[in-house]
Amino acid sequence: MEYETVIGLETHVQLKTKSKMFCGCVNLFGSEPNTNVCPVCLGMPGVLPVPNERAMQLTALAGYLLNCEVPGFAKFDRKNYFYPDASKDYQITQFDFPSTTTGHVDFEFGGGIERVRITRAHIEEDVGKSNHFAQHSGVDFNRAGVPLLEIVSEPDLRSADMAYEYLNALKEILIYGGISDCDMEKGMVRCDVNISVRPIGAEELGVKVEIKNMNTFSGMRRAINYEVPRQIETLESGGTLVQETRRWDDIAGITESMRTKEQAHDYRYFPEPDIMPLKPDEAWLTEVRSHIVELPLARKQRFVRDYGIPAQDADVFVGNVALGGFFEKAVEGAKNTKAIANWVINNLQARLIETGTTVDELKFEPAAIRELVGIIDAGTISSKGGQEVFAELFENGGSPVVIVESKGLAQVSESGELEKWCQDAIDSNPGPADDYRNGKENAINFLKGQVMKASRGKANPQVVGETLAKLLKG
Amino acid sequence: MLHELTLSGLTAKLAAKEVSSREAMQACLDRIDAVDGQVNAFMSIDRDDALGQADAADAALAKGNTHAAQPLLGVPISLKDLFCAKGQPANCSSKILGNFLSPYDGTVVRKLRDAGAVLFGRLNMDEFAMGSSTENSAFGRSNNPWDLERVPGGSSGGCAAAVAAQECFGSIGTDTGGSIRQPAALCGCVGLKPTYGRVSRFGVVAFASSLDQVGPLTKDVRDSATLLGAMSGHDPHDSTSVPADVPDYVAELGGDLKGIKLGLPREFLIDGIDPEVRAAFDAAVKQCEALGAEIHEVSMPHTEYGVATYYIVATAEASANLARFDGIRYGDRVDGDDPFSLYCNTRGRGFGEEVKRRIILGTYVLSSGYYDAYYLRAQKARTLIKRDFEQAFETVDALITPTVPAPAFKAGEKMDDPLQMYLSDIFTISCNLAGTCGISLPCGFTSEPKLPIGLQFLGKPFGESQLLQIAHAYEQATPWHTERASL
Numbered sequence: 001m002e003y004e005t006v007i008g009l010e011t012h013v014q015l016k017t018k019s020k021m022f023c024g025c026v027n028l029f030g031s032e033p034n035t036n037v038c039p040v041c042l043g044m045p046g047v048l049p050v051p052n053e054r055a056m057q058l059t060a061l062a063g064y065l066l067n068c069e070v071p072g073f074a075k076f077d078r079k080n081y082f083y084p085d086a087s088k089d090y091q092i093t094q095f096d097f098p099s100t101t102t103g104h105v106d107f108e109f110g111g112g113i114e115r116v117r118i119t120r121a122h123i124e125e126d127v128g129k130s131n132h133f134a135q136h137s138g139v140d141f142n143r144a145g146v147p148l149l150e151i152v153s154e155p156d157l158r159s160a161d162m163a164y165e166y167l168n169a170l171k172e173i174l175i176y177g178g179i180s181d182c183d184m185e186k187g188m189v190r191c192d193v194n195i196s197v198r199p200i201g202a203e204e205l206g207v208k209v210e211i212k213n214m215n216t217f218s219g220m221r222r223a224i225n226y227e228v229p230r231q232i233e234t235l236e237s238g239g240t241l242v243q244e245t246r247r248w249d250d251i252a253g254i255t256e257s258m259r260t261k262e263q264a265h266d267y268r269y270f271p272e273p274d275i276m277p278l279k280p281d282e283a284w285l286t287e288v289r290s291h292i293v294e295l296p297l298a299r300k301q302r303f304v305r306d307y308g309i310p311a312q313d314a315d316v317f318v319g320n321v322a323l324g325g326f327f328e329k330a331v332e333g334a335k336n337t338k339a340i341a342n343w344v345i346n347n348l349q350a351r352l353i354e355t356g357t358t359v360d361e362l363k364f365e366p367a368a369i370r371e372l373v374g375i376i377d378a379g380t381i382s383s384k385g386g387q388e389v390f391a392e393l394f395e396n397g398g399s400p401v402v403i404v405e406s407k408g409l410a411q412v413s414e415s416g417e418l419e420k421w422c423q424d425a426i427d428s429n430p431g432p433a434d435d436y437r438n439g440k441e442n443a444i445n446f447l448k449g450q451v452m453k454a455s456r457g458k459a460n461p462q463v464v465g466e467t468l469a470k471l472l473k474g
Numbered sequence: 475m476l477h478e479l480t481l482s483g484l485t486a487k488l489a490a491k492e493v494s495s496r497e498a499m500q501a502c503l504d505r506i507d508a509v510d511g512q513v514n515a516f517m518s519i520d521r522d523d524a525l526g527q528a529d530a531a532d533a534a535l536a537k538g539n540t541h542a543a544q545p546l547l548g549v550p551i552s553l554k555d556l557f558c559a560k561g562q563p564a565n566c567s568s569k570i571l572g573n574f575l576s577p578y579d580g581t582v583v584r585k586l587r588d589a590g591a592v593l594f595g596r597l598n599m600d601e602f603a604m605g606s607s608t609e610n611s612a613f614g615r616s617n618n619p620w621d622l623e624r625v626p627g628g629s630s631g632g633c634a635a636a637v638a639a640q641e642c643f644g645s646i647g648t649d650t651g652g653s654i655r656q657p658a659a660l661c662g663c664v665g666l667k668p669t670y671g672r673v674s675r676f677g678v679v680a681f682a683s684s685l686d687q688v689g690p691l692t693k694d695v696r697d698s699a700t701l702l703g704a705m706s707g708h709d710p711h712d713s714t715s716v717p718a719d720v721p722d723y724v725a726e727l728g729g730d731l732k733g734i735k736l737g738l739p740r741e742f743l744i745d746g747i748d749p750e751v752r753a754a755f756d757a758a759v760k761q762c763e764a765l766g767a768e769i770h771e772v773s774m775p776h777t778e779y780g781v782a783t784y785y786i787v788a789t790a791e792a793s794a795n796l797a798r799f800d801g802i803r804y805g806d807r808v809d810g811d812d813p814f815s816l817y818c819n820t821r822g823r824g825f826g827e828e829v830k831r832r833i834i835l836g837t838y839v840l841s842s843g844y845y846d847a848y849y850l851r852a853q854k855a856r857t858l859i860k861r862d863f864e865q866a867f868e869t870v871d872a873l874i875t876p877t878v879p880a881p882a883f884k885a886g887e888k889m890d891d892p893l894q895m896y897l898s899d900i901f902t903i904s905c906n907l908a909g910t911c912g913i914s915l916p917c918g919f920t921s922e923p924k925l926p927i928g929l930q931f932l933g934k935p936f937g938e939s940q941l942l943q944i945a946h947a948y949e950q951a952t953p954w955h956t957e958r959a960s961l
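Chains Z and H, in that order, give the protein sequences.
With my numbering as the guide, the letters of the first sequence map in order to residues 1 to 474.
With my numbering as the guide, the letters of the second sequence map in order to residues 475 to 961.
Warning: the hint list may mix true and false statements.
[As the list claims (entries may be wrong)] Straight-line Cα separation of at most 25 angstroms, BS3-like style, residue types lysine-lysine; simulated pairs:
#, chain 1, residue 1, chain 2, residue 2
1, H, Lys854, Z, Lys75
2, H, Lys537, H, Lys487
3, Z, Lys407, Z, Lys448
4, Z, Lys440, Z, Lys453
5, Z, Lys186, Z, Lys18
6, Z, Lys79, H, Lys854
7, Z, Lys420, Z, Lys453
8, H, Lys854, Z, Lys279
9, Z, Lys79, Z, Lys16
10, Z, Lys453, Z, Lys384
11, Z, Lys448, Z, Lys458
12, Z, Lys18, Z, Lys75
13, H, Lys830, Z, Lys79
14, Z, Lys208, Z, Lys79
15, H, Lys860, Z, Lys279
16, Z, Lys75, Z, Lys16
17, Z, Lys279, Z, Lys79
18, H, Lys860, Z, Lys75
Keep in mind that the hints were calculated from the coordinates and are not lab data.
These figures come from a predicted structure and were not determined experimentally.
Could you put the whole structure together from the sequences, leaning on the hints where they help?
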């Protein structure tokens, strides 16, 4: 029997805030254990949580970027469970009225555009980190109370690769919107995967297995690629699957059972009485909406469509927003957008990387690239001359036209001087001249080279060719 | 004697330089030495710290600081054992906190300090504020100064007993279902529960977050007004505190009850009220009428659901609030082979019977499959109770009721019957569910033995000023507030 894989993801992303979700402690990775803590995030007696305004804004903004609704009523809830890394032994999260609901993410996969529906994106606090030593364990609460956005997808993913691309697209969107830095090394993105298989054509979903807490995208892909055959083999061999939570062992490359449905926690969710319900008003939402940015895929599609540049070039401008912005200013009113894209990607980007500078620090305006391409296309300078102009432009700024003049880089196309150089070349090289006259057309290239040399590169090669041919044919 | 002064009496003498804060503080300590062996209101006292604060207050007074700017300057005030004050214990009369010392000052503590108060002593209470008698304290019960065989009420029983025994010039308690008003009534002092959101809860160990509110216990209404003014106001550390202006409660006292409409809730005047309490209450109603108040009978049809609703909402919240006492980060710990057994051992030994009972009850009502039947229904009932108050306040300015159906009971009398104990809060509980304000003050005594009887006024949300005016008018027209327990 042929099987179809059904996958949904719950992705936890650390929000880009200065302070933690419910207290003033700094939201910072890599400090000494238990240094970014206070009575509130340590769950001391008598403390109260106060929601971080910035985190609320970022959550709503993320909602808009994921095409979600941002309802006029949301609230926080307590999720109760005992564990040493949970400082209050409950986690503040959002249960039945999350801050954003029902959206979708479009992304490129398998040569087309796929859409994954988003069930919800809600806010919650992170917990501490347990460290186990030989004789004892310790908990570092630096991470406790860090704001997390949990993005829950519908079971719309059909393969490990598709899930992988969805995660990449999601990450790009969140970085774009300034929602999260999504730094994997710092554990800023973690996900839980819900996987089931069903016979192709079946409507009903198979038994769901949840794999918890993966912190790399490739690990997630490997886990799915392990789990799917395991499920299919179990079914094929006449076994039954149980609804359970499994753990991914990244070293062994296997999943193993943590707990079954019967052993599942009863989290006893109830409304967090220490925080008033959230009722965002229109002014607040308008402010949030003013930070909506164009999504990566939309940007790519627009660049290809509006500027007629290749998809790979558009990818560069999606990946490097500042460079893309520079390009957009450079192409204003220009005809040869492809050439401008080439200059920006091949020359400007390369120099920026070499010199470790940013687009903001450039000494010239985007219009200068447009001007440069314009005078090359007009034949005023050669493309080699263009390189010289660009080098000067990058170094000292200015206008390409002025640089051409001051450096004497303009090509010579007028017949007077050019004809003299050509006649000299013919006279000095009778052999190749005769060869040409005898039908060896390639021989003209040698003469051309001599003329270019004599002109120190300033002669317009096209006109040189024409003039030589004219003189040789007499 | 200095300890017999009211708070306002003391500030007048401090301002006039007739007495020093050190003398006042020493008078309290002497009084405690003399009577607290019998009353057992205080769990601990940091005497050096107390006298040091008093000296600092005297220095401030000498420098010219005034009570206009700092209304509590030099006044010794005591705290229920659940307020967090830096470097001081906050045991909540429980064993589970072990030798915990708070690393921070809560907002109420900070505000009282800012107002110049000398904060001293930890007052006994029912463990984690769960109870109506202080019999649930892990450190032994407090005794009612009017009859040491009897309970002072609870959970702020130590607060009421200390004020009634004149061991401090006022105390700060919390009221979740009557925990200020009930002991105030049983000990013959004034107890005020402000509107939810009026006083910050930051730094107050939580019992039931949506019901808890901080308030004063004092010898008279004026003193409660002074303490309320010092503690009130929006707090950025408590997002449930309300950014409403704080009136000058003391300045607004005075006047009679002319034109004031008082509501007599039909459903409160049930069978089972002690006859002497009923008689004192009826007399108080007549007194108010004589002072110019109009008495209207009102209906609060959902009153009967109050106790049940309360014991679902409060225990549900408590089950989560008390989860943090797990032995991991602070407090007492009893080791185990794994985290789960550590929790069981620690909490098994650290919590008392009533706390365990309520955690289990709260855990149950939130459990999957029971949530809708209990917690959700309780929330709906709570809305209806709140609506009862809103409707009543459309026609009357305040409600007038007995505070407690009976006077102080004998220790041990109700310990085997938690339900009977719960019913002693029957008149105070709905005020917390509705989130509005209430005050209890003395309105008479039983004859044999002589035990105080409490009168309760319930006011509109954020209507503390009017509530205090009404209580003050009644108090000033009656002799009850001048009577003291003979110890």
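Status of the hints after comparison with the structure:
no. : hint                 : verdict
1   : H:Lys854 to Z:Lys75  : holds (17 angstroms)
2   : H:Lys537 to H:Lys487 : holds (16 angstroms)
3   : Z:Lys407 to Z:Lys448 : holds (23 angstroms)
4   : Z:Lys440 to Z:Lys453 : holds (22 angstroms)
5   : Z:Lys186 to Z:Lys18  : holds (16 angstroms)
6   : Z:Lys79 to H:Lys854  : holds (21 angstroms)
7   : Z:Lys420 to Z:Lys453 : holds (13 angstroms)
8   : H:Lys854 to Z:Lys279 : holds (21 angstroms)
9   : Z:Lys79 to Z:Lys16   : holds (23 angstroms)
10  : Z:Lys453 to Z:Lys384 : holds (14 angstroms)
11  : Z:Lys448 to Z:Lys458 : holds (12 angstroms)
12  : Z:Lys18 to Z:Lys75   : holds (23 angstroms)
13  : H:Lys830 to Z:Lys79  : holds (20 angstroms)
14  : Z:Lys208 to Z:Lys79  : holds (22 angstroms)
15  : H:Lys860 to Z:Lys279 : holds (21 angstroms)
16  : Z:Lys75 to Z:Lys16   : holds (21 angstroms)
17  : Z:Lys279 to Z:Lys79  : holds (21 angstroms)
18  : H:Lys860 to Z:Lys75  : holds (21 angstroms)
In terms of the numbered hints stated before, the structure departs from none.
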